[in-house]
Amino acid sequence: MQSLGISVLFKGMNMQRLFQGLMVTVRIAFISIIFGSLLGIVLGVIWTSKSKWIRSACRLYLELFRIIPILVWLFIMYFGVTTALNIDLSGETVSVIVFTLWGAAEMGDIVRGALESLPKHQIESGKALGFSFWDLYRYILIPQAVRRMLPVSINLATRMIKTTSLVVLIGVIDVTKVGQQIIELSRLEVPTASFWVYGFVFILYFIICYPLSRLSRVLENKWNG
Amino acid sequence: MEWLGVSIVDRKTDEVLLEIKGLYKKYDETTVLEDINLSIKKGEIVVVLGPSGCGKSTLLRCLNGLEKIQKGDIRFHNKSIVNNDVNWQEIRQRIGMVFQNYELFPHMTVIENIILGPIKVQKRKKSEVMEQARQLLDRVGLLDRQNSYPRQLSGGQKQRIAIVRALCMNPEIMLFDEVTASLDPEMVREVLDVILGLAKQGMTMVIVTHEMSFARAVADKIVFIDKGRICEISEPQEFFEKPKTGRAQQFLNIFQY
Numbered sequence: 001m002q003s004l005g006i007s008v009l010f011k012g013m014n015m016q017r018l019f020q021g022l023m024v025t026v027r028i029a030f031i032s033i034i035f036g037s038l039l040g041i042v043l044g045v046i047w048t049s050k051s052k053w054i055r056s057a058c059r060l061y062l063e064l065f066r067i068i069p070i071l072v073w074l075f076i077m078y079f080g081v082t083t084a085l086n087i088d089l090s091g092e093t094v095s096v097i098v099f100t101l102w103g104a105a106e107m108g109d110i111v112r113g114a115l116e117s118l119p120k121h122q123i124e125s126g127k128a129l130g131f132s133f134w135d136l137y138r139y140i141l142i143p144q145a146v147r148r149m150l151p152v153s154i155n156l157a158t159r160m161i162k163t164t165s166l167v168v169l170i171g172v173i174d175v176t177k178v179g180q181q182i183i184e185l186s187r188l189e190v191p192t193a194s195f196w197v198y199g200f201v202f203i204l205y206f207i208i209c210y211p212l213s214r215l216s217r218v219l220e221n222k223w224n225g
Numbered sequence: 001m002e003w004l005g006v007s008i009v010d011r012k013t014d015e016v017l018l019e020i021k022g023l024y025k026k027y028d029e030t031t032v033l034e035d036i037n038l039s040i041k042k043g044e045i046v047v048v049l050g051p052s053g054c055g056k057s058t059l060l061r062c063l064n065g066l067e068k069i070q071k072g073d074i075r076f077h078n079k080s081i082v083n084n085d086v087n088w089q090e091i092r093q094r095i096g097m098v099f100q101n102y103e104l105f106p107h108m109t110v111i112e113n114i115i116l117g118p119i120k121v122q123k124r125k126k127s128e129v130m131e132q133a134r135q136l137l138d139r140v141g142l143l144d145r146q147n148s149y150p151r152q153l154s155g156g157q158k159q160r161i162a163i164v165r166a167l168c169m170n171p172e173i174m175l176f177d178e179v180t181a182s183l184d185p186e187m188v189r190e191v192l193d194v195i196l197g198l199a200k201q202g203m204t205m206v207i208v209t210h211e212m213s214f215a216r217a218v219a220d221k222i223v224f225i226d227k228g229r230i231c232e233i234s235e236p237q238e239f240f241e242k243p244k245t246g247r248a249q250q251f252l253n254i255f256q257y
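Quick note, the sequences are listed as chains A and B, same order.
Sequential numbering from 1 applies to the first sequence in this note's numbering.
Sequential numbering from 1 applies to the second sequence in this note's numbering.
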């Protein structure tokens with residue numbers, strides 16, 4: 001009966017399993033976002049170097065992630081690199097590695113852009129006060145760059161969360177995969193299962209991503225206010 | 001001599017603090033500064049004048065290592081500060097500089113702007129720095145703005161705070177690079193008053209400015225630069241009344257209607 005379609009979510013362990021899947025998604029996404037951002041900041045600072053070689057190397061690294069689909073990266077790492085190097089990595093570990101590397105590339109570009117947009121006299125007045133290279137970045141340039149790049153980096157974070165749904169293809173059971181399994185099991189009894197289950201997954205993604213964009217707006221208002 | 005009813009006392013000493021010898025500065029093929037020789041004694045106030053683009057700001061920037069020089073020597077306390085092993089982080093704490101664009105850090109409050117350098121660079125105790133910062137703010141009449149952000153302040157207020165920020169590092173000499181040039185006319189006075197207050201305390205200063213009456217009142221020595229060369233070095237009265245060179249005379253004529 002169609003009106004009871006929603007009950008599929010509460011049958012057996014379904015709800016619990018969906019949340020377990022969600023935890024996998026959240027874990028992969030957040031670890032990657034945190035490490036990707038940290039690496040990205042370092043990369044972005046290096047990227048502002050005057051050396052043409054360093055700049056080209058950073059550019060190449062970013063382009064590798066822009067040109068090659070993330071799915072292909074997951075395959076290369078999961079099936080290719082692990083066999084070639086004869087190491088055993090779980091799908092989840094590979095996912096974290098790929099998403100971290102991707103996040104670092106995109107974040108590096110964002111940080112570079114934000115740093116280069118800062119007025120040159122900010123650097124000079126910091127230097128004139130005797131700040132060393134790293135302290136100049138740490139106390140003066142990066143805090144200002146963070147404020148400028150916040151909207152784009154939150155956008156990157158939500159993009160990373162959403163793209164983690166690709167990890168099913170290397171056998172990781174994330175929230176989308178759990179949904180699929182539930183639908184396959186209950187399709188005969190509940191023909192509308194896919195509507196309810198995917199609808200619920202949709203809401204779960206929304207619940208993770210929405211607070212992030214809220215947060216970015218709050219911080220923006222606070223800093224510009 | 002008087003300025004704002006305050007007489008300026010002679011506080012020059014014979015100790016040479018900063019000495020420039022045969023300095024050349026080039027950008028690619030263009031020579032910006034040519035054979036500059038100048039010595040600044042402790043307590044002395046040197047005002048650098050000259051037409052726009054003559055190299056006077058560049059000279060100031062060379063003095064605290066923001067520009068590399070191609071030839072010559074700059075000596076601070078009789079030690080060269082142009083070779084490669086110079087620790088500019090250390091030197092810059094002792095040579096304060098304030099720029100034309102009031103470059104406060106926009107993400108920090110006034111007081112945070114001032115105490116950042118002393119605490120992070122000089123590793124001084126926060127309580128002691130705070131006290132000094134408040135005293136300095138009080139002296140420039142801005143103690144009530146200590147928790148404001150730069151965007152809430154006027155240009156003149158920002159520039160006074162930039163001066164306080166440099167002073168809180170306890171420099172031995174201050175460089176002022178056209179600090180009133182981008183201010184609205186009614187705010188120029190409040191900034192010049194602060195510099196004048198410093199003069200009374202005996203601070204050694206090199207000032208690049210276009211405020212002629214201020215230059216005349218505050219300077220011990222006027223250095224006139226044109227096309228990258230020092231054309232003349234005179235006492236203020238002599239410079240403004242009987243300049244030695246035709247170029248200085250021409251320059252002064254521009255300021256008289």
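Think of the hints as simulated: they come from the structure by calculation, not from any bench.
Ideal Cβ positions, reconstructed from N, Cα and C, are used throughout, including at glycine.
Hints are not guaranteed to be accurate.
Unchecked claim - Computed, partial: chain A to chain B, Cβ under 7 Å:
| no. | residue |
| --- | --- |
| 1 | Ser117 |
| 2 | His121 |
| 3 | Ile123 |
| 4 | Phe131 |
| 5 | Trp134 |
Results for each hint:
1. Ser117: 13 Å, violated
2. His121: The hint holds - His121 (chain A) has a Cβ within 7 Å of chain B, the shortest such distance being about 4 Å.
3. Ile123: 9 Å, violated
4. Phe131: For Phe131 (chain A), the interface hint holds, since the closest Cβ of chain B sits about 6 Å away, which is under 7 Å.
5. Trp134: 11 Å, violated
When each numbered hint is compared with the structure, violations occur for hints 1, 3 and 5.
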